[in-house]
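Chains as they are written, first to last, in numbering that gives the first Met the number 0: chain U, 0 to 129; chain A, 0 to 362.
These aren't lab readings, by the way, just hints derived from the structure by calculation.
One should not assume that every hint holds.
[As the list claims (entries may be wrong)] Per label pair, the in silico range of CB-to-CB distance:
1) A:G217 / U:K95: 42 to 52 Å
2) U:K95 / A:G302: 40 to 50 Å
3) U:Q32 / A:R348: 28 to 38 Å
4) A:P204 / U:K114: 42 to 52 Å
5) A:G217 / U:A82: 41 to 51 Å
6) U:A115 / A:R348: 38 to 48 Å
7) A:R120 / U:A62: 30 to 40 Å
[Claimed, not checked] In silico DSSO-like pairs for lysine-lysine, Cα to Cα no more than 27 Å straight-line:
8) U:K120 / A:K10
9) U:K120 / A:K15
10) U:K31 / U:K17
11) U:K31 / A:K11
12) U:K31 / A:K15
13) A:K166 / U:K31
14) A:K320 / U:K31
15) U:K17 / U:K114
16) U:K95 / A:K319
17) U:K95 / A:K15
18) U:K31 / A:K10
19) A:K11 / U:K120
20) A:K166 / A:K261
21) A:K320 / U:K95
22) U:K9 / A:K11
23) A:K234 / A:K320
The beta carbon of each residue, even a glycine, is placed where N, CA and C say it ideally should be.
One letter stands for each residue in the lines below.
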Amino acid sequence: MYPGDFYYTKDHEWVQIKGQEAVVGITDFAQKQLGDVVFVQLPEVGAKLEAHQSIGAIESVKAVSDVFSPLAGEVTAANQELADNPEIVNQDPHGKGWIMRLKPADLKAVESLMKAAEYEKHLEGLDKET
Amino acid sequence: MNRTRFYDLHKKHGAKMIEFFGWEMPVEYRGVIDEHLAVRRRAGLFDVSHMGEIQVDGPQALAFLQILTPNDVARLEPGKVQYTALTTPEGTFVDDMLIYCLKPDAYLLVVNASNTDKDYRWAAGRAASYDVRVENASDAYSQLALQGPAAERILQPLADIPVAAMKPFSFAEGRVAGLGCLVSRTGYTGEDGFEIYTRQPDSTPLWETLMDGGAADGLEPIGLGARDTLRLEAKLMLYGNDIDETTTVLEADLKWIVKFKKGDFLGRDVLMKQEETGLKRKIAGFELLERGIARPHYPVFSGGDKVAEVCSGTFSPLLKKSIGLAYLPLELTAVGTEFEVAIRNHRARARVVPTPFYKRPAA
Chain U
0 MYPGDFYYTK
10 DHEWVQIKGQ
20 EAVVGITDFA
30 QKQLGDVVFV
40 QLPEVGAKLE
50 AHQSIGAIES
60 VKAVSDVFSP
70 LAGEVTAANQ
80 ELADNPEIVN
90 QDPHGKGWIM
100 RLKPADLKAV
110 ESLMKAAEYE
120 KHLEGLDKET
Chain A
0 MNRTRFYDLH
10 KKHGAKMIEF
20 FGWEMPVEYR
30 GVIDEHLAVR
40 RRAGLFDVSH
50 MGEIQVDGPQ
60 ALAFLQILTP
70 NDVARLEPGK
80 VQYTALTTPE
90 GTFVDDMLIY
100 CLKPDAYLLV
110 VNASNTDKDY
120 RWAAGRAASY
130 DVRVENASDA
140 YSQLALQGPA
150 AERILQPLAD
160 IPVAAMKPFS
170 FAEGRVAGLG
180 CLVSRTGYTG
190 EDGFEIYTRQ
200 PDSTPLWETL
210 MDGGAADGLE
220 PIGLGARDTL
230 RLEAKLMLYG
240 NDIDETTTVL
250 EADLKWIVKF
260 KKGDFLGRDV
270 LMKQEETGLK
280 RKIAGFELLE
290 RGIARPHYPV
300 FSGGDKVAEV
310 CSGTFSPLLK
320 KSIGLAYLPL
330 ELTAVGTEFE
340 VAIRNHRARA
350 RVVPTPFYKR
360 PAA
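Put together the whole structure using the sequences plus the hints.
Take a look at the structure:
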């Protein structure tokens with residue numbers, strides 16, 4: 000379910016390192032929690048982000064959720080496809096539903112995030128709470 | 000937490016369950032947008048067994064209900080349904096509800112799940128000086144709503160009642176799927192459709208038979224998520240969002256349920272006065288002119304001042320834009336008037352539009 004080469008946050012973002020860049024999106028768990036996504040607010044290309052800084056909001060019919068940057072760095076691309084077709088986030092959260100690409104200030108910082116197995120364990124914990 | 004008799008069937012259909020005023024209810028199955036469009040285009044089946052049913056019987060049932068409600072209960076006859084409210088002495092809402100006239104001296108009040116206990120206490124607490132019996136019968140009832148353009152076609156072969164001949168806001172008793180039921184041509188979606196009540200303890204065959212019978216017409220189970228978007232497009236009020244004990248019936252633009260000529264009722268004086276002196280604010284429908292969704296409690300600004308809060312607000316799956324309701328100062332309620340809704344740290348432009356947002360095409 001959760002790709003083994005991704006990193007994950009407690010807020011349900013994922014990070015995939017591609018060369019010197021990080022691709023960021025929200026996890027399958029997050030999109031399921033939200034339900035039908037109808038708007039995705041995207042970050043500006045060139046914006047310099049702190050780790051945990053809000054990069055915008057994802058709105059579903061039912062709820063609105065902030066998306067946080069998992070890493071510090073500079074935004075190099077935003078997925079403009081999502082402006083017209085926000086449902087891609089539901090259809091392919093770990094692929095075509097990516098939200099932004101980032102040039103991390105420190106690539107090694109990604110090691111502090113969760114690996115797939117840890118994230119799945121984190122989700123099991125959440126399941127027990129609800 | 001309360002569960003309806005259909006709980007296991009919801010799980011079987013893959014529903015996501017939420018807590019709704021003490022009830023564990025399905026919020027969505029396939030997704031709010033798909034479900035919403037299924038009801039507009041084909042048909043949907045809703046479990047609304049959490050709704051409350053209060054029975055009022057006795058020689059003075061009519062006189063008693065005339066005092067508790069602003070609409071004219073005397074206009075009802077057996078087999079007819081009326082939309083009305085339980086009003087406070089201030090002309091505000093204890094609840095909104097449907098009254099079913101079962102017999103000349105027997106009525107059934109169908110009220111919001113969130114208010115059932117309050118409504119029962121409200122009515123029972125005022126019954127002493129009348130020859131009436133007030134009973135909270137909610138636990139005995141299951142209720143399903145079958146809504147959408149295909150509803151009649153789906154229901155007719157499963158019912159021994161001539162449902163095709165039923166007029167809106169009428170009802171009949173008979174059998175559906177072999178179970179004793181009360182069927183009314185009412186609903187909370189803006190579509191044609193039926194609400195089906197049964198007191199049979201094992202009511203699950205009702206759901207299963209309707210789902211099987213509707214399969215060819217694309218009938219789908221619908222959760223509370225789409226119930227909310229459907230009712231808002233049709234500008235049907237939601238207690239707690241759009242109406243409550245702080246909003247009067249006239250401010251809620253429900254003058255058509257206020258019948259001053261019928262005589263006294265709770266809140267009549269206040270509403271008469273409000274009618275004479277004019278309203279200061281009134282509920283109005285708006286659409287957002289920018290991206291984003293105006294949600295409940297978001298502040299509404301005009302000329303830099305906060306003038307209101309959004310009461311209901313959502314994404315309209317049919318119109319594909321953000322729609323909502325707010326109690327606006329009267330001078331802002333004209334169609335076309337623009338104002339702003341604060342969405343997080345942005346003020347998004349909004350415009351008053353005619354309501355309902357959606358009106359079903361004439362058959």
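Comparing the hints with the structure gives:
| no. | hint | in the structure |
| --- | --- | --- |
| 1 | A:G217 / U:K95: 42 to 52 Å | violated, 28 Å |
| 2 | U:K95 / A:G302: 40 to 50 Å | holds, 44 Å |
| 3 | U:Q32 / A:R348: 28 to 38 Å | holds, 30 Å |
| 4 | A:P204 / U:K114: 42 to 52 Å | holds, 49 Å |
| 5 | A:G217 / U:A82: 41 to 51 Å | violated, 31 Å |
| 6 | U:A115 / A:R348: 38 to 48 Å | holds, 43 Å |
| 7 | A:R120 / U:A62: 30 to 40 Å | holds, 33 Å |
| 8 | U:K120 / A:K10 | holds, 24 Å |
| 9 | U:K120 / A:K15 | holds, 21 Å |
| 10 | U:K31 / U:K17 | holds, 26 Å |
| 11 | U:K31 / A:K11 | holds, 18 Å |
| 12 | U:K31 / A:K15 | holds, 10 Å |
| 13 | A:K166 / U:K31 | violated, 41 Å |
| 14 | A:K320 / U:K31 | holds, 22 Å |
| 15 | U:K17 / U:K114 | holds, 16 Å |
| 16 | U:K95 / A:K319 | holds, 22 Å |
| 17 | U:K95 / A:K15 | holds, 25 Å |
| 18 | U:K31 / A:K10 | holds, 16 Å |
| 19 | A:K11 / U:K120 | holds, 26 Å |
| 20 | A:K166 / A:K261 | holds, 25 Å |
| 21 | A:K320 / U:K95 | holds, 24 Å |
| 22 | U:K9 / A:K11 | violated, 30 Å |
| 23 | A:K234 / A:K320 | holds, 15 Å |
Of the hints listed earlier, those the structure fails to meet are numbers 1, 5, 13, 22, in rising order.
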